[in-house]
Amino acid sequence: MEPENVIGHPVEVGARNPALRSEFRRGVLASTPVMLGFVPFALVLGAQASRKGFAPVEVPLMTGLNFGGGSEFAVVQLWSSPPHMLLIMAVTFLINSRHLLMGAALTPYLKDLPRRKALLALFFMCDESWAMGLANAKRRAALGIPAFSLPYYMGASLGLYFTWVCFTFLGALLGPVMGNLESYGLDMAFPAVFLVLLKGMWSGPRAARPWLVSLVAGVIACLLLPGAWYVVVGSAAGALSACIWGMKK
Amino acid sequence: MSTQFFLTILLMALATYLTRIGGYLLLRKHQPSPRVAAILDAAPGCVLISVIAPHFASGHVADLAALGITALAASRLSMLPTVLIGVASAAALRGLL
Numbered sequence: 001m002e003p004e005n006v007i008g009h010p011v012e013v014g015a016r017n018p019a020l021r022s023e024f025r026r027g028v029l030a031s032t033p034v035m036l037g038f039v040p041f042a043l044v045l046g047a048q049a050s051r052k053g054f055a056p057v058e059v060p061l062m063t064g065l066n067f068g069g070g071s072e073f074a075v076v077q078l079w080s081s082p083p084h085m086l087l088i089m090a091v092t093f094l095i096n097s098r099h100l101l102m103g104a105a106l107t108p109y110l111k112d113l114p115r116r117k118a119l120l121a122l123f124f125m126c127d128e129s130w131a132m133g134l135a136n137a138k139r140r141a142a143l144g145i146p147a148f149s150l151p152y153y154m155g156a157s158l159g160l161y162f163t164w165v166c167f168t169f170l171g172a173l174l175g176p177v178m179g180n181l182e183s184y185g186l187d188m189a190f191p192a193v194f195l196v197l198l199k200g201m202w203s204g205p206r207a208a209r210p211w212l213v214s215l216v217a218g219v220i221a222c223l224l225l226p227g228a229w230y231v232v233v234g235s236a237a238g239a240l241s242a243c244i245w246g247m248k249k
Numbered sequence: 001m002s003t004q005f006f007l008t009i010l011l012m013a014l015a016t017y018l019t020r021i022g023g024y025l026l027l028r029k030h031q032p033s034p035r036v037a038a039i040l041d042a043a044p045g046c047v048l049i050s051v052i053a054p055h056f057a058s059g060h061v062a063d064l065a066a067l068g069i070t071a072l073a074a075s076r077l078s079m080l081p082t083v084l085i086g087v088a089s090a091a092a093l094r095g096l097l
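If you're matching them up, the sequences are chains S and D in order.
Each residue of the first sequence is one higher than the one before, starting from 1 at the first, in UniProt numbering.
Each residue of the second sequence is one higher than the one before, starting from 1 at the first, in UniProt numbering.
Heads up, some of the hints might be wrong.
List time: in silico DMTMM-like cross-link candidates among lysine to aspartate or glutamate, alpha-carbon distance up to 25 Å [what the hints assert, rightly or not]:
#1 Lys111/S to Asp127/S
#2 Lys111/S to Glu128/S
#3 Lys248/S to Asp41/D
#4 Lys117/S to Asp127/S
#5 Lys138/S to Asp112/S
#6 Lys138/S to Asp127/S
#7 Lys138/S to Glu128/S
#8 Lys138/S to Asp41/D
#9 Lys199/S to Asp41/D
What the hints contain is simulated information worked out from the structure, not anything from laboratory work.
All of these numbers come straight from a predicted model, not from anything done at the bench.
Sequences and hints are given; from them, build the entire structure.
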């Protein structure tokens, strides 16, 4: 996809300012296909949020402050008036908990960065910009040049960030015009998005056993308990089973 | 915009930011224990599948069949075609069954 050519272009790590600019641009360009992929989901999320009673400006407020697609889809699905604050916070934390490991994997490459800059850079870390930033750092480390390129990473991250925020806003504006989504089967878009996200996290049937535990526990809780308890019950059962299986290893 | 809305969004943003900096701040010095790593590995998937559990719990044959088709599509295709197939199969099966 990108950028085998950094190897052939020592210029980019040479003269300081033009190098910074071109690294930033390289990051933006590398993430362009992903930006295009963000657009339809941002529109759907914005439309769905507006149907749940979000005002148009409230949507970019959420997506701009939070910037975590999977958790935002989940929160919109669970949204009620008034919202269950703690449930939403817990679900957000758990869905995004993979970022703990992603941040840890990136940490060895962030050691030369002032902590303030690292903390700011991490605000914009999403699955895709993390993957690109890490791959780029590994490539640079193999070349023996300073591994982490902040401008490259920020180029990739900011491009994705503004695409997400702008198009969720547009979706919120267009949402009311789109009418009742369920009558077209559009409610199936959510499990579809989640199933694709799950496929992306798939690393074999063994690792997915806790997911099955969650599914069974979640379905039983759905049938027996009121409200959104199924999220808590399903997640807790899955995490507990992962803990038990993790101990045996 | 209600205070409650704003507070909820703020808590949500805080939770996400903690996961982003948590790995950097905490695991910089130590490696996570295998047990913690196992939970962190499985947790996002467990939460995602729990959130969509109601779709699996609905007793409607058309919805369950559409969900099965969508899951099959998700295992082979990327996001956009999967969503399109999910939506189309739900609309069609609800009309037929």
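Now for the hints, and whether the structure bears them out:
1. Lys111/S to Asp127/S: holds (20 Å)
2. Lys111/S to Glu128/S: Answer holds: Lys111/S to Glu128/S is near 21 Å, not above 25 Å.
3. Lys248/S to Asp41/D: holds (15 Å)
4. Lys117/S to Asp127/S: holds (19 Å)
5. Lys138/S to Asp112/S: holds (15 Å)
6. Lys138/S to Asp127/S: holds (16 Å)
7. Lys138/S to Glu128/S: holds (15 Å)
8. Lys138/S to Asp41/D: holds (22 Å)
9. Lys199/S to Asp41/D: holds (14 Å)
Every hint, counting from the list given before, is met by this structure.
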